[in-house]
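Participant: Throw the hints in and build the complete structure from the sequences for me.
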Amino acid sequence: DTGVSQNPRHKITKRGQNVTFRCDPISEHNRLYWYRQTLGQGPEFLTYFQNEAQLEKSRLLSDRFSAERPKGSFSTLEIQRTEQGDSAMYLCASSPDFDRVLFGPGTRLTVL
Amino acid sequence: QKEVEQNSGPLSVPEGAIASLNCTYSDRGSQSFFWYRQYSGKSPELIMSIYSNGDKEDGRFTAQLNKASQYVSLLIRDSQPSDSATYLCAVRGGGTSYGKLTFGQGTILTVHP
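Going line by line, the protein sequences match chains A and B.
Just so it is clear: in the first sequence, position 33 is 33 by our numbering, and no numbers are missing.
Just so it is clear: in the second sequence, position 26 is 26 by our numbering, and no numbers are missing.
FYI, nobody ran anything at the bench for these hints, they're computed from the structure.
Incorrect hints may appear among the rest.
Using 27 Å as the maximum straight-line C-alpha spacing, the simulated DSSO-like pairs for lysine-lysine come out as follows [claimed, not checked]: (1) B:42 with A:11; (2) A:57 with A:71; (3) A:14 with B:42; (4) A:57 with A:11; (5) B:56 with B:67; (6) A:57 with B:2; (7) B:2 with B:67; (8) B:42 with B:67; (9) A:71 with A:11; (10) A:57 with B:42; (11) B:56 with B:2.
Facilitator: See the structure below:
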């Protein structure tokens with residue numbers, strides 16, 4: 001069990017650019033989650049997948065944010081036309097059921 | 001009203017004391033309740049889960065749940081400086097929110113020697 005991995009760990013981009021993050025869940029976990037966390041706040045739910053099906057997503061993902069999980073393995077989160085307000089830690093988590101949700105190390109995004 | 005509310009603190013306790021962290025939630029259909037610990041610059045780490053009313057103990061940690069009052073708490077006995085971190089309460093809702101965890105803003109705990 002190597003844990004949830006995320007790449008890159010840090011990303012600095014200019015406003016208006018697109019960015020894509022990758023998450024590799026723990027291999028036997030069929031559920032995968034994306035959260036966003038800003039300083040002083042708890043993680044904010046973005047979306048979750050069961051296998052390749054995206055079962056729930058927040059209103060944030062209706063606009064510039066999109067997530068995919070092809071073949072039910074790794075997942076990508078894309079942010080189009082980044083804004084300074086997108087600067088945050090993007091956390092991926094996975095679980096074998098609904099209750100043991102384990103987080104990866106996160107990708108820290110800075111939008112200049 | 002926020003879905004999950006915590007006192008942001010900071011809560012400061014002396015080494016060896018009991019730290020008490022509290023959380024309230026708004027969704028009466030909530031099914032499962034969790035406490036995560038987050039060290040500065042790190043990701044959240046699951047430390048406790050509780051599903052039914054009452055107490056659940058795991059080492060120095062005790063989680064308490066009162067669904068009628070929509071209240072969850074975490075007690076840390078014999079607090080150590082290494083317990084200094086932000087503690088996040090998370091709730092798994094019912095109905096259409098069944099799949100996601102909703103987090104509070106976290107309580108900063110400082111244990112001083």
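Participant: Need the status of pair residue 2 (chain B), residue 67 (chain B): alpha-carbon distance at most 27 Å?
Facilitator: Distance of about 17 Å is within 27 Å: holds.
Participant: For a C-alpha distance cap of 27 Å, please report whether residue 14 (chain A) and residue 42 (chain B) respect it.
Facilitator: Answer holds: residue 14 (chain A) to residue 42 (chain B) is near 25 Å, not above 27 Å.
Participant: What's the verdict on residue 57 (chain A) and residue 11 (chain A), does the C-alpha distance respect the 27 Å limit or exceed it?
Facilitator: Roughly 23 Å separates the two Cα atoms, so the pair holds.
Participant: CA of residue 42 (chain B) to CA of residue 11 (chain A), is that 27 Å or under?
Facilitator: OK: residue 42 (chain B) and residue 11 (chain A) at ~16 Å, within 27 Å.
Participant: Measure nothing beyond the straight line between the CA atoms of residue 56 (chain B) and residue 2 (chain B); if it is 27 Å or shorter, mark the hint as holding.
Facilitator: holds, 26 Å
Participant: Is the Cα-Cα distance between residue 71 (chain A) and residue 11 (chain A) 27 Å or less?
Facilitator: Answer holds: residue 71 (chain A) to residue 11 (chain A) is near 26 Å, not above 27 Å.
Participant: Residue 42 (chain B) and residue 67 (chain B) were given as a pair; does the straight-line alpha-carbon distance stay at or below 27 Å?
Facilitator: violated, 31 Å
Participant: Would the pair residue 56 (chain B) and residue 67 (chain B) pass a check requiring their Cα atoms to be no farther apart than 27 Å?
Facilitator: At roughly 14 Å apart (the allowed maximum being 27 Å), residue 67 (chain B) and residue 56 (chain B) satisfy the hint.
Participant: Hint check: residue 57 (chain A) vs residue 71 (chain A), CA-CA at most 27 Å. Holds or violated?
Facilitator: Holds, at roughly 19 Å.
Participant: Keeping to a limit of 27 Å between CA atoms, is the pair of residue 57 (chain A) and residue 2 (chain B) held or broken?
Facilitator: holds, 19 Å
Participant: Mind checking the alpha carbons of residue 57 (chain A) and residue 42 (chain B) for me, to see if they're no more than 27 Å apart?
Facilitator: holds, 24 Å
The structure fails hint 8 only (numbered hints given earlier).
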